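Trainee: Letter 41 of the sequence shown, counting from 1, is numbered 48 in this note's numbering, and no numbers are missing.
Honestly, the hints are just simulated from the structure, not real lab data. Everything numeric in this text was worked out from a predicted model, so none of it was measured. For glycine and all other residues, C-beta sits at the position ideal for the given N, C-alpha and C. It is possible that part of the hints are untrue.
Unchecked claim - Here are the in silico distance ranges between beta carbons for each label pair: (1) L237 <-> Q133: 54 to 62 Å; (2) L130 <-> K55: 34 to 42 Å; (3) Q133 <-> S165: 29 to 37 Å; (4) Q99 <-> D43: 38 to 46 Å; (5) N139 <-> F110: 39 to 47 Å; (6) I35 <-> I220: 58 to 66 Å; (7) G114 <-> M168: 34 to 42 Å; (8) M161 <-> E247: 50 to 58 Å; (9) T167 <-> S108: 57 to 65 Å; (10) L237 <-> S36: 22 to 30 Å.
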Amino acid sequence: NNINANDNGLINSVAIELEKIIIFPDMISPIFITNDKNLTAVIKAQEKKQTIVALIKKEEAQDSNAFLGTGIEIAVGSLLEMPDGSHSALVQGRRRMKILSTFEENGISFTEAEAIIGTKKKLNNQERALINTTKTLFESVVQLDRSIPDEANMHINSITMPGLLADMICTAISLPYLKRAEILEMYDEIKGLMFVHKFLKPELDILNIEEEIRFNVQKEVDQSQRDFYLREQVKAINLELGEGDIWEEEI
């Protein structure tokens with residue numbers, strides 16, 4: 008169950024601390040729990056059959072308690088104990104959380120946060136055009152990027168909400184950590200989608216260049232293989248005719 012807000016509209020929850028991973032709403036991802044603080048927090052939330060807030064550490068922060076201003080509410084699946092004694096679990100992102108404060112008590116992290124609810128306003132023509140062109144760009148990226156399954160494009164095409172579209176594309180592509188963090192903290196869904204759209208264009212340009220390089224390399228390899236095959240054929244024919252190897256004679 009999602010965490011309920013109090014009378015002031017705020018959420019008080021146990022929290023886990025994530026490092027070098029950013030989870031978006033509706034995203035499913037494995038996480039690895041390597042310390043007792045996170046493990047205890049997850050167990051405490053599961054006992055109450057509730058979701059938990061994930062605090063995301065800032066990259067290369069000097070302060071171990073330096074977190075992004077936005078966290079993510081997650082549902083944690085069954086814990087799996089690893090051979091080294093750590094644990095892993097599948098989690099699903101739920102809602103963005105504006106982190107208001109954090110503190111520790113009895114060795115567990117807690118946070119007070121405000122849930123960020125996506126807007127459901129009617130889209131204008133320009134916003135609908137942005138959604139369509141972003142989907143078209145992503146489809147082209149999927150065709151060239153072999154690491155993205157074709158099913159991702161089918162799922163993206165069914166999305167009509169700009170915020171969800173931006174989040175799902177960020178989940179699918181290899182976006183740098185700092186860029187992912189920047190998008191997580193964008194509460195304006197249209198601005199978030201515009202950010203993703205701007206990133207997709209140069210990404211597509213790079214993929215096109217890589218595809219052209221692969222094509223040219225393969226073309227040269229194919230030509231070399233054809234030349235070798237023809238040389239071997241001529242060599243075999245000349246040996247059959249008793250004329251020796253004309254290539255060696257020329258040398």
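Trainee: Next, verify each hint and record whether it holds.
Mentor: Okay, the hints, checked on the actual structure:
1. L237 <-> Q133: 54 to 62 Å: holds, 58 Å
2. L130 <-> K55: 34 to 42 Å: holds, 38 Å
3. Q133 <-> S165: 29 to 37 Å: violated, 22 Å
4. Q99 <-> D43: 38 to 46 Å: Roughly 24 Å apart at Cβ, these two residues miss the hinted range, so it is violated.
5. N139 <-> F110: 39 to 47 Å: holds, 45 Å
6. I35 <-> I220: 58 to 66 Å: violated, 34 Å
7. G114 <-> M168: 34 to 42 Å: Holds: the Cβ-Cβ distance is about 39 Å, inside 34 to 42 Å.
8. M161 <-> E247: 50 to 58 Å: holds, 56 Å
9. T167 <-> S108: 57 to 65 Å: About 36 Å separates the Cβ atoms of T167 and S108, which means 57 to 65 Å is violated.
10. L237 <-> S36: 22 to 30 Å: violated, 52 Å
Checked against the numbered hints above, the structure violates hints 3, 4, 6, 9, 10; every other hint is satisfied.
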